[in-house]
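Chains as they are written, first to last, in numbering that gives the first Met the number 0: chain A, 0 to 481; chain B, 0 to 115; chain C, 0 to 401.
Don't read these hints as lab results, they were simulated from the structure. Keep in mind that a hint or two might mislead.
To be verified - If you want the ones that stay clear, here's a sample from chain C, every Cβ over 10 Å from chain A, calculated: (1) Arg76; (2) Pro131; (3) Leu158; (4) Glu240; (5) Thr241; (6) Ile242; (7) Ser350.
Claimed, not checked - If you only want the chain A side, here are some residues facing chain B, beta carbon under 8 Å, derived: (8) Val52; (9) Ala85; (10) Ala172; (11) Gln413; (12) Ala415; (13) Thr420; (14) Leu447.
Ideal placement from N, C-alpha and C gives every residue a C-beta, glycine not left out.
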Amino acid sequence: MARFSSPEAFGAAAEDLSLFPFNFERAGVNQYLVANLVGDFIRLTEAELHKLVDLQIRPGDGLYEKAYAAHLVTGTNQKSQRQLLAARLRSRMSFLQQTTPLHIFVVTLRCEHSCPYCQVSRQSTDRSRFDMSEQTAMRALDIAFASPTARIKIEFQGGEPLLNFPLIRKIVAAAKQRSGKKLDFVIASNLALLDNTVLEFCKENDVLLSTSLDGPADLHNKNRPRPGGNSHELAVAGIRRAREILGPDRVGALMTTTEASLDRVDEIIDEYLQLGLDGIFLRPLSPFGFAIKTKQFAKYDARKWLAFYERGLRRVLEINRQGTPFREFYAALLLTRMLSDRPIGYVDLRSPAGAGLGALVYNYDGSVFASDEGRMLAETGDDAFRLGHVEHDSYNSLILSDKLIGAISSSLTQCAPECSTCVYESHCGADPVYHHATQGDALGIKPLSAFCARQKGIMGLLLDILENSPEDAAILRRWAAA
Amino acid sequence: MPQAAKLPAASSVEVAVDFDSSIQSLSALDAAAYRLIGTATCQVHRAGDHYLCRLISSANPQKGPVLGPDELKERFLNLVADENLRARVAARTDGVRNVILALAFGALATNQNDAG
Amino acid sequence: MTLPLYGTASRSAGFSSDKARSVVRLRSVDSAAERHVADFALARTPDDIRRAIEAEWPSILVVSDGSIDLPGTFTGRLVAVPPKYDYLADGDVIGIDHASRKFRTLYRRNSAHNSFLVTERCNNYCLMCSQPPKNVDDRWILSEIKESLPLIDPATGALTFTGGETLSDWEDFIAVLKECRDRLPATAIQVLTNGRAFADSRIVDAWKDIGHPFLMAAIPVYASVDHVHDHVVQAKGAFDETILGILKLKDRGQRVEIRVVLHALTAPIIEDTGRWIARNLPFVDHVALMGLENTGFAIANDAMLWMDPVDYGDGLARAVDHLSAAGVNVSVYNLPKCVLPKSVWPHALQSISDWKNGFVEECDRCDAKTTCSGFFTTGRPRFSRGVRAITAQRDELTTLAD
């Protein structure tokens, strides 16, 4: 006669329970948001949190089940959960095995726009001493090919890089000649100078185009003054032409936010939609270069930007509900962190920081910087992120330089005050360049950091949607898929 | 009528909170004070077996509205309570955290050692 | 109707007494295939018998309800089985006990659902077990399987090994899998196992060393919480071992399917379980969410386990959504489309083994019958109150109701 045991026979005894590490944050009256070692979130009341910490929980009480499934509690002698957490943590951190995947070549500083927020200091078009030399380019390529990763992306920036198109040709050809790495190429251009020659070249060599599109014409042109005032017209024409000739997935657009953008997110999104682009990246304004000089940065704070972002995200979700797939790319990045353990090497959202380890920037004059923003700081006289020079440095000497190691190690969120116990830490990142530029310190005081406020704001918003809006949650979950 | 000479400026608020130092750790007070940066400053003094915390709310807070004295006190007490809880959790979990980290990354160290 | 895979021969003769059992492969009388010592000519009529003898078949299996006349010159082996085994065909393999004349159909060449029972022993004791465990020494079964492998058509698409717990004698069983790799290199192998053995690194390493190109371990996980899973499988510590086993298998690049049988203990929490699998084990090769087969222990525990699928449809749909949003291949087995939410239909597969698969009268007028899993014919089938033919009319009514 078969005999079966009741559920009670299978529960662990109280003395056999142990806690796993977790972070928490007050999230309202009598509510805590709790995150485990790999960033899975659950909400607990104050009483539940205290019961959990004191291990006053029992199989069958509901709280035990919530806590166990969220890896907050385990059987002291059990093995699978700690192995699972270790495996997931290793996966989340495995982006560290790909150093350095991105190499930015600033082929010229010359540009024919004069955007007030521009991170690039302007030099007028006819001064060719602001072009990168072929020798510098080849030395930079040596360094890029010395990075350990099997696949690198070479991105051409400026100024307006198409003003030095011949050098781009040479670099692409030389890179392809070298063996040992898979290569991706991108040109970040305002597309005003896009012609058939450039398009043919891009098509033949599989080069991606990335451009700026700040919104409808009046907004875009106000942000991007150009002699002739037709920046928007040229960008749109360029995007259309490039999509037609290269294919829709070979052309991307990025917007930059200025104070003028903050009330117009719906129009900006509609502009992207009309051009058939598959998503938008709602970025904050960087506090670098001309932005600081012209006080663009001071003009709005994290709260205003978050309101702008939320409105934009909800508009994007509405577009999806109406049947058009369209993503907000920053949310997609964060959701990949929050809903999966796939490693993300996005340079501004990782700890250890992506400076140097994620990207190296080779300036027109041969100096090498830990990030694009680090280069902009140098333009204002601050060399904190200048790692060296292509003439006398190697990949190793750059990456292992005291400057870089110092910046990365001092900004680690895993060790930083508030960050190390922050409920969002698993999904956040260190941004030593930003904090150095705004606070004079790679770590920064996070309660004063707009970066921190934005991160918390966006993640809080995404969690709210995931928990309370089932239809939108289903849309967001798919943005996190591979 | 003007009162004591050391009135705080009209636009900021000052609150004093004290803790029994035999049961309240200084590090938790520091951590709570850190989280309060931008909202209020906090100075901690030791007086006998007490910690005295002098909180002055910022006239120009980085985030949120200016806090009144009761709100500031409540906020600080909540922050300290949270930090105390964090310390308790850490004490109970640092051991297993190290085990998990070793499981996650320990093999890397072995590989590196093997590779010389 | 359930196909009878077990039976007793009405006659048998000519088997040697030096072993207790024989494995037999059936061949049509006219078969030109190379003859193996285990081959028996398959005869259904006296004429078949005559031709078999003329073709010098040393062994004959007759499907017949009447008496069989064999010429006195025939000195070979003979088995006679009643007409209900008429499904037997060329290429099929049976195992027969000499003394009792009891036989089992081990393999049917024209079936897509061949499974070998490896043992009846198990270290779990699932509340709904369709093959209740017995503590017997049945290691002879693995020997019989080993004898059968050379007789199986190498063009066979897939084979399943089931039990009991297939890894009960893991060394011998892994040896059998290596035989499969060598003799049937193009046949996909699915092994149903509770996965607990894989918590032992020795066993996972041995599994990996098989080096089989198409091997999948199908492992049940019933909850995201230890005691809930342990209660369903009636073994304390099972969840911990099973999850650890899955991790070790994937760590060594082995293919894993997770199965969840849906009943009153597992279905109400299926959204949580699905979300947990999507978050913690998204790298598994497949997840199968399965309707309950009401046989074996499931009948004894019916009061505790029965849940009408229409009552867990919403949770199931959400579980499927979490899993597919996370990029996990997810299928729903053993549940007819009429009881499933529409969002689940693309994942609902025809999954019930042919020999125990059937439909009901209502299904005759259903548009979706050809792509529907139908029902189990085994045990005491219980039918959802939602069973209803899917017709265009019904769709309209549903739309109106919405």
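Here is how each hint holds up against the structure:
no.	hint	in the structure
1	Arg76	40 Å, holds
2	Pro131	7 Å, violated
3	Leu158	30 Å, holds
4	Glu240	8 Å, violated
5	Thr241	8 Å, violated
6	Ile242	4 Å, violated
7	Ser350	25 Å, holds
8	Val52	6 Å, holds
9	Ala85	3 Å, holds
10	Ala172	36 Å, violated
11	Gln413	10 Å, violated
12	Ala415	10 Å, violated
13	Thr420	5 Å, holds
14	Leu447	5 Å, holds
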